[in-house]
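Residue numbers (numbering that gives the first Met the number 0), protein chains in the order written: chain A, 0 to 249; chain B, 0 to 249; chain C, 0 to 249; chain D, 0 to 249.
A couple of the hints might just be wrong.
To be verified - Label-pair distances were calculated between CB atoms; the ranges are: (1) D:Ile109 to B:Leu232: 54 to 62 Å; (2) A:Thr14 to D:Ile109: 52 to 60 Å; (3) A:Leu125 to B:Val120: 37 to 45 Å; (4) B:Asp239 to A:Val237: 19 to 27 Å; (5) D:Thr45 to C:Asp214: 21 to 29 Å; (6) D:Glu141 to C:Ala140: 38 to 46 Å; (7) C:Lys166 to D:Val237: 35 to 43 Å; (8) C:Ile109 to B:Trp217: 28 to 36 Å; (9) C:Ile109 to A:Lys166: 30 to 38 Å; (10) C:Ile109 to B:His216: 34 to 42 Å.
Hints are computed from structural coordinates only; laboratory data are not their basis.
Don't be surprised by glycine CBs; every beta carbon is placed ideally from N, CA and C.
Protein chains: 4
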Amino acid sequence: MEISCDRLSLSKIKTELKSLAFYRDLLAELLTTFFLTLSALSLGMTWGDKPYTGTVEQVGIGMMCTVCALAWSLGEFGGIHMNPSVTLALVLLSEITPSRALIYLVIQCIAAMAGTKFIQVVLPPLVTDHLKPTMLHPDVAEWQGFLIEGWLTFHLIFTVLGATDEKRKRDGYCIPPLIIAMTVATCIGCGFVSTGSSMNPAMTFGAAVVTDIWDNHWLYWVGPLSGSFLATLLYKFVFDILDNSNEKTC
Amino acid sequence: MEISCDRLSLSKIKTELKSLAFYRDLLAELLTTFFLTLSALSLGMTWGDKPYTGTVEQVGIGMMCTVCALAWSLGEFGGIHMNPSVTLALVLLSEITPSRALIYLVIQCIAAMAGTKFIQVVLPPLVTDHLKPTMLHPDVAEWQGFLIEGWLTFHLIFTVLGATDEKRKRDGYCIPPLIIAMTVATCIGCGFVSTGSSMNPAMTFGAAVVTDIWDNHWLYWVGPLSGSFLATLLYKFVFDILDNSNEKTC
Amino acid sequence: MEISCDRLSLSKIKTELKSLAFYRDLLAELLTTFFLTLSALSLGMTWGDKPYTGTVEQVGIGMMCTVCALAWSLGEFGGIHMNPSVTLALVLLSEITPSRALIYLVIQCIAAMAGTKFIQVVLPPLVTDHLKPTMLHPDVAEWQGFLIEGWLTFHLIFTVLGATDEKRKRDGYCIPPLIIAMTVATCIGCGFVSTGSSMNPAMTFGAAVVTDIWDNHWLYWVGPLSGSFLATLLYKFVFDILDNSNEKTC
Amino acid sequence: MEISCDRLSLSKIKTELKSLAFYRDLLAELLTTFFLTLSALSLGMTWGDKPYTGTVEQVGIGMMCTVCALAWSLGEFGGIHMNPSVTLALVLLSEITPSRALIYLVIQCIAAMAGTKFIQVVLPPLVTDHLKPTMLHPDVAEWQGFLIEGWLTFHLIFTVLGATDEKRKRDGYCIPPLIIAMTVATCIGCGFVSTGSSMNPAMTFGAAVVTDIWDNHWLYWVGPLSGSFLATLLYKFVFDILDNSNEKTC
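Using the sequences and the hints, build the whole thing.
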């Protein structure tokens, strides 16, 4: 979830495939996305006999803590995106190569599938019978869900780009992973009941494959990726420019 | 929510109107206030069939995260006030010009209206039927509500000024947006049931326009702005002076 | 709640009484303790018709945010103790003079009384009828309550001293107010139902005066102050010594 | 919970036993583990007549605050492990000697027993009748509980090692105790209902001794220690190597 320092041209991909660091980055991405999926699924579980489990606050706070801790602890190893929406933003900003982005996407999906499977194995049927990918609330229309996922992911990616922009870094700007994680908490609070606050196509896809539930699946790809696309374009063409005029008036 | 570095005299407003940076600042203010409104309205929604939604904790924690993340990520672009109470304090301290403050006020109100409308569109009638601006609890008298909004906004603005005072900044003082956001969380916890903890006239106004509910509307302007006015005066004339005598005894 | 930099000998108290900074410090202590009391009382209010108000989590998180924001924003003005237990620890460590400590104690009690009165005025009888100082759970014996308040305040003051020790400060040690506030949150969670987690004799005293409820009042003075006393002694004679042998083995 | 700076060879243990600093470290470990145990047990208490006590969120947030505050305040005194899983990881990385690790283990178990006993004394039978060590949910099989404790502790230790790795420290990497504590909060949210989210054999052992409840006790040793073992090996042999190839591609 942190802007990687890789700025490889496409022609360098062959060199990269031979380096040890590249595979370590992939392993870091795989592990962190796997643990993120475990947290996302287990935090939201409702245990029949235990009230106050799986509340929105619990999922929001728990995901904030996971995202922050994983991105902070292992950020050097390839950036720790854990989410195709983040990967898309970084490709659009030429922070990573398209080929690296594709590999990340595959790894994120595999990690999410493995994470969902792990939860299905270690928890009893009492709760895993209710295991499902993020889904629309029955009263929310598909186009509304699309707009909600777009809004939440726009909000998330816009904050990601602002918080990690090296050009604008000052003293107080030293803890981007925490800022990003706080946005995750807000967005989960805002959309958990209506769409499940996915913002992450890989995580929804992983759970959909394992549980074979594909309701409204398209919107969990198109919504987040559209939001990420728009946020990145707006950031790139409007807020990424710290030109002289800004220096002067400020 | 961060003290902007603009210290423009009124005569400079024409130059400002021609600069690109000025419009970028306005766009940043518009976007952040829009997202703040989306969070404020959706975090507090109660979904009929889902217990534990819209709790005070959820609104408090969610708003804390939003305020911190938005102010931190985009603070350079005009300060990110998102609230006329903050704008008032900065005018009184001559941190921004009155003309800039007026433009900010208009933009904050527009963003809040747009945000409320967006929520009305993307969420189902099940919840949007209950959409309303911050309102008084039926047992709370108008003058009590006025005092409560005044207290909460005084607390908020007093902390804003203390946390962002460049003259007193030291090592540990590097994260003003987080401190401000923590005060938002507290104030929401303190006044959510009695007045809705607005502290933000623009946000209440935006929701009032869209829902056409104007109960006790005056106090959501007079309360917060009075609190901000008093806190700023007190800060300016008592705590803003780091004179030699302070250096000596300390 | 922050170790003040004042190291005045008793003979300097006359000079101090003539300085402007001294009265500003007192005003800062009065204001912050007043706002702390408002938060403490209003966060824990149960509103008959609103479920999920006044939960332990809400009080814990809200108080954490208030303590951190107030101590951070205004820490330079006399340290912002807001609690006689903190003032006692700083007297024992000779960080402040006994005469200054006594003045602080009086100011803390006045602020707590004023805060309780303010809450009684601005909230409706529906909730203020239940206004009371921190009290023992009926199943908890007095000596148990004494031990609980002692434990919680020991824990709090021990962390305060560790977090603010200038001699041991390193890079990661830059945000003592947050650390202290996190301990407040924990301690409220640990003891809220059994003793009300006061840890603060002034706040309990203020509410007792206004509501005229004095049940087990002694233990809210003796418990916290004993805990603070023990924690300070232990810290001073064991953990305050960073001698050469420590440097060597480490 | 912080990587200690001790890198003593086994032959130095005799010197260490003679140093004052060594016994101070042990006292710090004893005190912090004792307070951690008090928090863990009292935060999760359900008080019959008080709804909303002992919720998973409360335990998660409270433990996060305790772990962060204790590790931050006293980290210099021997590292403040408070958990045999952390001690195991540091032995495997040769950060501490095996003899020191054994002494830590004994101290952690003693502190957990003392903490459990203290809670039994200061709280009324209403709640202490339900005092018990972390236990399996009746629907969770033993091998599942083993996997869950392994997963949670792997996640925790992996983050601990990433967050405290001095070789990879940068500007934003200055607050490891907070990152570690956030992982504790997540893991408690993920596994509280299924296994009690122990991750800490000493704490479970202490409560088991005092309450004489030994159900599935083995898995609270083997699960966490296996998770810690695997995480440390993976970190040591894959992520601890910052070789030149990494510098090049990054």
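Each hint tested on the structure:
1. D:Ile109 to B:Leu232: 54 to 62 Å: Given range 54 to 62 Å: holds, Cβ gap about 57 Å.
2. A:Thr14 to D:Ile109: 52 to 60 Å: holds, 56 Å
3. A:Leu125 to B:Val120: 37 to 45 Å: holds, 38 Å
4. B:Asp239 to A:Val237: 19 to 27 Å: violated, 35 Å
5. D:Thr45 to C:Asp214: 21 to 29 Å: The hint (21 to 29 Å, Cβ to Cβ) holds, given that Thr45 of chain D and Asp214 of chain C are roughly 25 Å apart.
6. D:Glu141 to C:Ala140: 38 to 46 Å: holds, 40 Å
7. C:Lys166 to D:Val237: 35 to 43 Å: holds, 38 Å
8. C:Ile109 to B:Trp217: 28 to 36 Å: holds, 33 Å
9. C:Ile109 to A:Lys166: 30 to 38 Å: About 50 Å separates the Cβ atoms of Ile109 of chain C and Lys166 of chain A, which means 30 to 38 Å is violated.
10. C:Ile109 to B:His216: 34 to 42 Å: Given about 36 Å between the Cβ atoms, the range holds.
Of the hints listed earlier, those the structure fails to meet are numbers 4 and 9, in rising order.
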